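Counting in the numbering used here, the sequence shown runs from 306 upward without gaps.
These aren't lab readings, by the way, just hints derived from the structure by calculation. A quick note: this is a predicted structure, and the numbers were derived from the prediction, not measured. The beta carbon of each residue, even a glycine, is placed where N, CA and C say it ideally should be. A hint or two may mislead.
[Claimed, not checked] No farther apart than 20 Å at their CA atoms in a straight line, the calculated lysine to any residue pairs in the SDA-like style are these:
(1) K388 with D343
(2) K645 with T661
(3) K487 with T691
(4) K388 with K412
(5) K636 with R614
[Claimed, not checked] FRET-style restraints, in silico, Cβ to Cβ:
(6) F687 with P631: 34 to 44 Å
(7) K541 with F687: 23 to 33 Å
(8) K412 with G327: 19 to 29 Å
(9) V650 with Y692: 35 to 45 Å
(10) V650 with N542: 43 to 53 Å
(11) R662 with H406: 16 to 26 Å
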Amino acid sequence: MAKLEDTFPGISDRFRLVNRIGEGTFSTVYKAEDLLYDHYQNEWDVFTQAQQQESFPSPPSKRRRMDGLSGGRRQPRYVALKKIYVTSSPIRIQNELELLHDLRGCKSVCPLITAFRYQDQVVAVLPYFPHSDFRIQYRTFMVADMRHYLRSLITALQSVHEHDILHRDIKPTNFLYNTELKEGVLVDFGLAERQGSEYTSQCLCAHQTYVRRSRILSSYYSKNPPSTGLSTGYPKNDSRPSRRANRAGTRGFRAPEVLFKCTSQTTKIDMWSVGVILLTLLGRRFPFFNSADDIDAMIEMSSIFGTRRMKAAAAMHGQIFETNIPTIGEKGYSWEKLVKWSSCVEDLTEAEQQATRLLAGLMELDPSKRFSAEEALEHEFFTTPTYHDVEWGGQPESAESGDDEDAGDDEADEVAMV
306 MAKLEDTFPG
316 ISDRFRLVNR
326 IGEGTFSTVY
336 KAEDLLYDHY
346 QNEWDVFTQA
356 QQQESFPSPP
366 SKRRRMDGLS
376 GGRRQPRYVA
386 LKKIYVTSSP
396 IRIQNELELL
406 HDLRGCKSVC
416 PLITAFRYQD
426 QVVAVLPYFP
436 HSDFRIQYRT
446 FMVADMRHYL
456 RSLITALQSV
466 HEHDILHRDI
476 KPTNFLYNTE
486 LKEGVLVDFG
496 LAERQGSEYT
506 SQCLCAHQTY
516 VRRSRILSSY
526 YSKNPPSTGL
536 STGYPKNDSR
546 PSRRANRAGT
556 RGFRAPEVLF
566 KCTSQTTKID
576 MWSVGVILLT
586 LLGRRFPFFN
596 SADDIDAMIE
606 MSSIFGTRRM
616 KAAAAMHGQI
626 FETNIPTIGE
636 KGYSWEKLVK
646 WSSCVEDLTE
656 AEQQATRLLA
666 GLMELDPSKR
676 FSAEEALEHE
686 FFTTPTYHDV
696 EWGGQPESAE
706 SGDDEDAGDD
716 EADEVAMV
C-alpha cells in the first residue's frame, strides 16, 4: 500500500488505504476510505445503509481519532481502488473503462466511479461491496441460497448481454455476493468485449442447420473416418493453417466453443460459466473442473458428455475430436447421476432436481440451444420453485482452495480443422 501511495502523488489526500482485498493477473484491488465523499454527487452509491455496514472494523487512523475528539464524524464510505498493472495493454485498459462506463446504471453490475492516471500507472475507483468468501460458503449453500445467488448473477448478466457485451470471465471471485443481503455485484471486466468485435471469419456453427450439416458431411473426415485399429493423434509438423480465436478466460469455466476456437462466440459463453458455478454448488466441489490446459479441459468434458456428443460439438465448429482413453464412454452421464456422485447423496430432492434441469440448459454443448440469461430467469427453478429443502451436512473447506487465472494466450491446441 505504501508503494501505491508513493506511485500516485496526492492519493493519500483523497483516499485512506485500509488493506489489500484482491489480486489477479492484471490488477490488484485495495479497500480505501473516500475522504472526499461529501464533496461530490455520488449517483453511483446505490447501496443501502445496510450495505455500508462493515462486518470487520477497520483500523482507526490518527485523523479519525482527532475528529472523534472534536465532535464525531459521519460513517466512513469505502471504495475499491483497482490498480491496473503496467504490463496490461493500453487498449485493454481503455476497453475495460469504456465498457464499465457504458454499463453504468445496470442492475447488479459494479459501476465505475472514476479513473485517474499518473505517468504509466492507472487506477480505477469502484464502489466497495462487502461480500462473503465463496470458497468458505459454497458447501453450506442450500437450494434456496443457490436460487438467490444465481438470480442475482443472471440478472447482472442479462443487463450486460443487453448491451451485446461478453464478460468472458464469469467465476465466483468475479461475483461479489453478500449472503445476508442476498445480492451481489459483477466485477472485473478486464477480459470483456463487445459481441462480434473479435470475429475473423464466420464459424461453421453460425450457419443454418442444413448448411452446417452439408459442410460436415462433405468434409474429408466424414468421408474417411479414422480406423479403430489406428492410434489417434495429430501431425507433428502440421502444414495446415492454424485457426486463431479468442480463448481468454479462467481454466475450468470456459465454454466448449472457446476450447474449440470458435470464431463466432456469443454471450452464451457466459451462461456456460454460470452452469459451472451451479454444478459446483450442487456437486459441493470447487473447483469442479481442474484442467491444466485446453486438451485436459476437453477430456474432462468428454468424461461427462461422452465421446459421441463431444465429436458432434467439435464438428459443429469445424473441428475434430478424437480420444483413445478407454475410461471415457460414448454416451456419458446424466446430470442427476453426476450430482449424486459428487455430493455423495442417494437421492435428490425436488428442489435439487429443478436445479439440475436448469443446469442441463446452461451446460448445453450447442450454444444455439443453451439458455440465454432471459431464458434462464424464466426457468421453473426461479418462477415456480419447490421449497422442500434439505440441509447438507458437510463442513466448509478452508479458503485456500480456489481457481486459477488464465489469460487465454494463443497456445497450441491439439485439434485439427476440417
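Here is how each hint holds up against the structure:
no.	hint	verdict
1	K388 with D343	violated (24 Å)
2	K645 with T661	holds (11 Å)
3	K487 with T691	holds (18 Å)
4	K388 with K412	violated (24 Å)
5	K636 with R614	holds (8 Å)
6	F687 with P631: 34 to 44 Å	holds (41 Å)
7	K541 with F687: 23 to 33 Å	violated (51 Å)
8	K412 with G327: 19 to 29 Å	holds (22 Å)
9	V650 with Y692: 35 to 45 Å	violated (18 Å)
10	V650 with N542: 43 to 53 Å	holds (50 Å)
11	R662 with H406: 16 to 26 Å	violated (38 Å)
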